[in-house]
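Novice: Listed below are the residues making up each chain.
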Amino acid sequence: MVTENQCSCEQAQEEELYGKLQEVIKEHKGKPKELIMALHKAQNLFGYLPRKVQEMVAEGLNVSLSEVYGVITFYNFFSTAPQGRNNVKVCLGTACYVRGGQALLKKAEKELGIKADETTEDRRYSLGIVRCIGACGLAPAMLINDDVYGRVKTTKMMEIIKKYE
Amino acid sequence: MIKAKINNVDVEVPEGTSILWAARKANFTIPTLCSHPDLVPGGQCGICVVEIEGIPGLKRACMTPLGEGWKVHTHTARLMEIRRQLVELILSYHDTDCLTCIKNNNCELQALAATLGINTVEWHSLEERLPIDRSSAAIVRDPNKCILCGRCTQVCSNMQTVNALAVNHRGYSTVITAAFDMGLGNSVCINCGQCVVHCPVGALYENSHIEKVWDAIHDPDKFVVVQEAPAVRVMLGEEFGMEPGTLVTGKMYAALRRIGFDAVLDTNFSADLTIIEEGTELVSRLKTGKNLPLITSCSPGWIKFMETFFHDMIPHMSTAKSPQQMFGALAKTYFAEQRGIAPEKIVSVSIMPCTAKKFECQRPEMRASGFQDVDFVLTTREIGRMLREAGIDLNEMPDEKADSLLGEYTGAATIFGTTGGVMEAALRSAYFLVAGRELESIDIAPVRGLKGIKEAEIDIDGLKVKVAVAHSGGQARRLMEKVQDQLRNEGKSEYHFIEVMACPGGCVGGGGQSWGSNMAKRARRGESLYAEDRSLQHRRSHENPSIKVLYEKFLGKPNSEKSHTLLHTHYYKRSTVDGDIIAEQ
Chain A
1 MVTENQCSCE
11 QAQEEELYGK
21 LQEVIKEHKG
31 KPKELIMALH
41 KAQNLFGYLP
51 RKVQEMVAEG
61 LNVSLSEVYG
71 VITFYNFFST
81 APQGRNNVKV
91 CLGTACYVRG
101 GQALLKKAEK
111 ELGIKADETT
121 EDRRYSLGIV
131 RCIGACGLAP
141 AMLINDDVYG
151 RVKTTKMMEI
161 IKKYE
Chain B
1 MIKAKINNVD
11 VEVPEGTSIL
21 WAARKANFTI
31 PTLCSHPDLV
41 PGGQCGICVV
51 EIEGIPGLKR
61 ACMTPLGEGW
71 KVHTHTARLM
81 EIRRQLVELI
91 LSYHDTDCLT
101 CIKNNNCELQ
111 ALAATLGINT
121 VEWHSLEERL
131 PIDRSSAAIV
141 RDPNKCILCG
151 RCTQVCSNMQ
161 TVNALAVNHR
171 GYSTVITAAF
181 DMGLGNSVCI
191 NCGQCVVHCP
201 VGALYENSHI
211 EKVWDAIHDP
221 DKFVVVQEAP
231 AVRVMLGEEF
241 GMEPGTLVTG
251 KMYAALRRIG
261 FDAVLDTNFS
271 ADLTIIEEGT
281 ELVSRLKTGK
291 NLPLITSCSP
301 GWIKFMETFF
311 HDMIPHMSTA
321 KSPQQMFGAL
331 AKTYFAEQRG
341 IAPEKIVSVS
351 IMPCTAKKFE
361 CQRPEMRASG
371 FQDVDFVLTT
381 REIGRMLREA
391 GIDLNEMPDE
401 KADSLLGEYT
411 GAATIFGTTG
421 GVMEAALRSA
431 YFLVAGRELE
441 SIDIAPVRGL
451 KGIKEAEIDI
461 DGLKVKVAVA
471 HSGGQARRLM
481 EKVQDQLRNE
491 GKSEYHFIEV
501 MACPGGCVGG
511 GGQSWGSNMA
521 KRARRGESLY
531 AEDRSLQHRR
541 SHENPSIKVL
551 YEKFLGKPNS
561 EKSHTLLHTH
571 YYKRSTVDGD
581 IIAEQ
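Quick mapping for you: the protein sequence lines, in order, are chains A and B. Those letters in the first sequence? Residues 1 to 165, by this note's numbering. Those letters in the second sequence? Residues 1 to 585, by this note's numbering.
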């Protein structure tokens, strides 16, 4: 019974999201130039841009699907895979790179069992790379959600990450 | 007019002329890679950079109109070094396995590297090879050969308005693919092959049937019949160094016989048959006034385009199959019967200026004979390759004739190969069918030529028949949108009959034409078809003696039940996401 309840609950949630998406699309209907704005709003709703959402936006704004896909894959901001509850980003800007950013990334990949741009199965973490967050004095830096961590050591890294449920 | 100096040579060109073309007038060739005479310059490759005195930086010659009094330098030491470096960078990530590349000897990058005298490449890519996309029945895409020049995406989105190919990802990972990286076979691609003929390198080419055709030819148990599309006879010569548009009908028959085809027949025969069936359909729709305008159905690129983007026009489509498929249905029935050959032994091969025909022959409904009606489709390029493999030089061939039963044709059939040809051929016969006498002037000039959408009005015994002709996906889209509007707002369209071809110029500009083609060559091929039309004894499809025999002996009459079973077809509604069939109409 519990599973069934969960199921219908998730379904209802999804239906609600698609309802909201329809409103977003309505706002930008037939306006190809507002594609990025519409995608931005859609991603805020779903947390990422599943294929069905891309298809609906393409149709609603009268933009070809290949163009929508081109824009989504061009901009780092857009994601086509579900994101975890916590977003771990390792900085690989020049300063962080020379001070061991790459080693941090490798460590995180090993410990979390995922590669950059992937999400753990339990959806607890998404791992990503950023190119400079303006914290070069604190290199190597790491970003978890909105929190910045500086002078991160590979030995201490997982302690920090594990604080995030 | 603009006066300027290029490398100290005076030039005078009309305002707006790019430095690239102005330099050619001064007899300097600025090397280019992404630039193409029929496309809008995009400046992606940067090979054509030049220096202009008094203007800082470098300018791309393809995109910069020549200015008054400018002093332009096109080949300074600095520019030559920059160009070399740019090409070396491209080569560093390009799969340079040239000897086994489909474009070996026809590659613009290869030619450029030779022109610029590049003899070493100092950098090498660390990227792994990407998988080759073989998902499409018609077109193969090899991303390892792609140099990201953008010609294919420009033709796919601007010229054809299909938008199957786009630039995806970015930076070093940039790749040109269909949406979701699902492959061209799972996209809205209409298989027209315009991307193929515009690609400067070997990143796009046809899904080859050469090996399968050789196997069939070399199998003593198989009886291999071959048909050649109208446009092929004015195209194949180019594969052997002849002038564009050289008519090689007789030599083509001789060459095909010599490489081992058991019966050399002609698609032109079934083009005449298409006219009889489609013309009869037009006459009956003109009489009843139902489902007008009638729209032609010869171009398989157009068919998939219509099924995907304009499936509400399905009731307006002619149900007549394309000449290739009519031929296929007859080869394994009528021809087999008359010649006493078991149909299962017949292998039916067609030679087409087209890549979409490869998709068409594999459509599940194209099995009217009980077998796949057309087994293999070769492009003009592929048959050129096969003839060279077999050591045959088309130049040295005698003029021969096609075999009987499915080989005879009229002038109306041969002009099928160029835009407006099907329309003109159909009107010649429809006039006769309605009025009972022949059209006074057989040449219908307003539907000829390469300009945009063409219109004409023909008076058939007081009935004013308005026709329109579109060639390219973009024009087809504009014309269909207009017709949709008229049908929606006025309940009927101003047009009675519409011809659509998916490729600019019609079949003479198809995706299966020789490498290095452009609109000028397409025009010359078209003129050559009109010349052949004028030279033939019969110029109206209904005058074709073999067609008369076919109806007497086999089909009964046009649009008969047997005709419908063998020669007519139906269409599907397709998804604008992946081009898949949604529901049968």
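The hints are simulated quantities; they were obtained by calculation from the structure and are not laboratory data. This one's a predicted model, so the numbers in the text were calculated from it and none came from an experiment. There may be inaccurate statements among the hints.
[Claimed, not checked] Pairs of lysine-lysine residues, derived as DSSO-like cross-links and limited to a Cα-Cα distance of at most 27 Å, are as follows:
(1) A:K52 <-> B:K573
(2) B:K482 <-> A:K26
(3) A:K26 <-> B:K573
(4) B:K482 <-> A:K29
[Claimed, not checked] Some chain B residues close to chain A (C-beta under 8 Å, calculated; not the full set):
(5) A166
(6) I581
(7) I582
(8) A583
The beta carbon of each residue, even a glycine, is placed where N, CA and C say it ideally should be.
Novice: Under the criterion of a CB-CB separation shorter than 8 Å, is A583 (chain B) in contact with chain A as hinted?
Specialist: Where the cut-off is 8 Å and the nearest Cβ of chain A is about 18 Å from A583 (chain B), the hint is violated.
Novice: Going straight from one Cα to the other, do K52 (chain A) and K573 (chain B) come out at no more than 27 Å?
Specialist: OK: K52 (chain A) and K573 (chain B) at ~20 Å, within 27 Å.
Novice: Should the interface hint for A166 (chain B) be scored as holding, given a Cβ-Cβ cut-off of 8 Å against chain A?
Specialist: holds (4 Å)
Novice: Should the interface hint for I582 (chain B) be scored as holding, given a Cβ-Cβ cut-off of 8 Å against chain A?
Specialist: This interface hint is violated because 14 Å lies over the 8 Å limit.
Novice: Given the hinted pair K26 (chain A) and K573 (chain B), is their alpha-carbon gap at most 27 Å?
Specialist: holds (26 Å)
Novice: Double-check I581 (chain B) for me: the hint is only fine if its C-beta lies closer than 8 Å to a C-beta in chain A.
Specialist: violated (17 Å)
Novice: Could you grab the alpha-carbon distance between K482 (chain B) and K26 (chain A) and see if it respects the 27 Å cut-off?
Specialist: Given that 27 Å is the threshold and the Cα spacing comes to 25 Å, the pair holds.
Novice: Given the hint that K482 (chain B) pairs with K29 (chain A), does the C-alpha gap stay at or below 27 Å?
Specialist: Holds, at roughly 22 Å.
Violated hints, in rising order: 6, 7 and 8; the structure is consistent with all others.
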